Structures are given as structure tokens and as C-alpha cells.
Amino acid sequence: MRGQTNLAALVIAFVLLTGATVVGVAFADAALADADRNPRDRHAATAVADRLVAADAPTTVRANALAATAVDDLNASRVETLVPPAEGAAVRITLDGEPVVDRGSPAGGATVRRSVIVVTRSEPVRRSINASRNATVRVPRGVDRAAVDVESASNVTTVRANGRVVLYDGAELETNETVHLSPYEPSTIRTGTVGNATGRVVVTYRRPRTEPRILTVIVDA
Amino acid sequence: MPRGQLSLSVVEAAIGVVLVLGVAVGFTVGAAGPTPSTPQLDALAHDTVTVLGTEPTDRGRDARLAALARSNRSFARVREPTRRRIVALLPADVLFRVRTPHGEFGYPRPPTAAVGSATAATRYGPVTIRVWYG
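From first to last, the protein sequence lines are chains A and B. For the first sequence, our numbering assigns the number 33 to the initial residue and increments by one for each residue that follows. For the second sequence, our numbering assigns the number 182 to the initial residue and increments by one for each residue that follows.
Honestly, the hints are just simulated from the structure, not real lab data. Remember, predicted model here, so these are calculated numbers, not experimental data. Ideal placement from N, C-alpha and C gives every residue a C-beta, glycine not left out. Treat the hints with care, as some may be off.
What the hints assert, rightly or not - Covered by chain B, per the in silico footprint, the following chain A stretches (three or more residues, Cβ under 8 Å):
no.: 1; stretch: 73-85
no.: 2; stretch: 147-156
no.: 3; stretch: 182-195
no.: 4; stretch: 214-226
no.: 5; stretch: 239-248
As the list claims (entries may be wrong) - Listed below are several chain B residues computed to face chain A (Cβ distance under 8 Å; list not exhaustive):
no.: 6; residue: Q221
no.: 7; residue: R242
no.: 8; residue: Y288
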């Protein structure tokens, strides 16, 4: 009698223990599935995205602002030169869904999304200053650099942007230089002269246009 | 069981179940850690702060972030354009909330979701952007 009772208890015990083991393994499997199983893919994708939007990258004009021309020139081998971890991996880079770089076909892998703006520059706008009349040129807000050509003017010694001296030669300026302007306000470009100045100073700038985009990088090593 | 005693096997089984479940709970708690979405959210918040911090406003002499932090009037003026800009910048499935010295705007923050955040110091005070999957 006693022996049979123990047998029933043993069966119940086995059922309970097996059930608990199944539940435990299911938990463990779910936890492992949640964990990052391909850290190399994630690392490579993060590195590619970080490098593409860095302030000193050849693809950007400043941090998170991609130059449209540089993006058009981008291809898989340039990405590899820029970001060694992407070497040999299947890479897909898109801007708002439009493919920029597509090498191999990443099936799965890691995806990184970044917010960027793409800067397109307009056709060059040319404005000239009559050096003899002390005229000014107004450059609109948002323009961060302009080319100032003083070669066809004589007796011009100084070029100022909003009162700040950007070009100076005590004798006479004979140059065609790119000067940096503050993009946060409109700039007024004015010339300073000695004696009778003649000729024209030509200021050329490109007006930037920015568009927000989502940069998506998928890497499958 | 004439003596009203629990069978030894059942006691052993109960101890075994507790042991196995303990290991399972250890897996779930120990392996959870930081979810992989948080670095992604931090990156998006950081991107938003960077873009807003280098972008001129339509009027005035500041970047958008500085204009938000400068004064109550400035905040009221640039809040709506900045909100639209952030909506355009972030992916459609990501929501945000911005905190400045002069007030907050954006979506109400959920109590439980994983949140990425980035803070920029402007010369008028800190501006914090929090983002999460909505």
C-alpha cells in the first residue's frame, strides 16, 4: 500500500519538475532572443552612420548636415575607405527610402537610423560692388561663405562683412578669396579704399537649402 | 498517507520547481539589461539637438536652440516653427518632448517607455530633448 502511494507521488513530482523545466527553458530562450545576437553587425552599422554624419567627414558641411553633392558621389568603396568596419559586409544606405549605397543584399543584419539634413546649394549668385562709390552688397541669412573677387578693382585695401575685416592688404588687395560669414544673420559686405578706387568687386555666393531626411544604414556582415 | 504526512517525493519536487524557476527568473532579469533601442533613441535625440543647434531661425540672430532658451517672448515665437521642424526631422514612429528654461512642448511623456535624451548647453541655459517610440 505504502509503496504504491509513493509511486503516484513520484509521477506527480516528475510531471511538476518537467513542466517547470520547460517553462524555464522557454524563458531562457526568449531572453536570449531579445539579447543582441550580432554585435558585429550593430557595431558596423553604428560606425558607418556615425562616420557619415560626423562634423569632419568628407560627406558633411557640418555635423548632421550632409552635402548633396557628396551624397551623390557616395558608393560602396568610398564607404569602406571611410569606415573600415564595413569592409566586406553587405551594406545598404538610404535617405528617406531612396537608395544611396546598395552593395550585396543585407538580409537581416542591424539597422541604424539617424536624423540628418541634406544641404543643396543654389546656382551661384553674383553681386558686384562699385569700388569708387563705396557701395555695399547684402548677403542673405543662412549663407556661410562667399567668394570675393578684388582682382578687377584697384586701390581696395579692406573687405568687411558686417564691420568685421575679412580681407586686408595695406598696399592693395589683389585676390580672389572665399571668406566665411555668419549664417545666423544677413551680412553686409563693404569695401575700404585708399585714394581713388576704381573697378568692381564681385561677390559670389550660393544660397543653401536644407531638407530633413532619415538616414538608414543596414549592415549584414 | 495514513500519518497525514506529505510524501518526500512531493517535497523534493517542490524544491526542484523553485530551483528551476529561480534560474529562469535569473535569466530574464540578468539578460534584460539595456534594451538595444536605447542607443538608437539617444542617437536620434543627439541628432535633433545638433541640427537645431546649428540652424539659424527665420528671424533674429540665434540658432533655434538658443532662441528657445533666451527669453519667454523668444520661446513663444520660435516654439511652433521648432516643433514643426522636429516633426520633420524625426522618423514618423518617434515622439518627442522638449524642455527649456522657459517651458516645455511636445507630446506628454509616457511613464514606462524607453526614452533617449540629449541635452545641449546654450548660453541662456540647457535645452533637453527626449524621444521615444510612440
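Next item on the list: Would you pick out the hints that fail for this structure and give their numbers low to high?
Entry: Those not satisfied are hints 3, 8.
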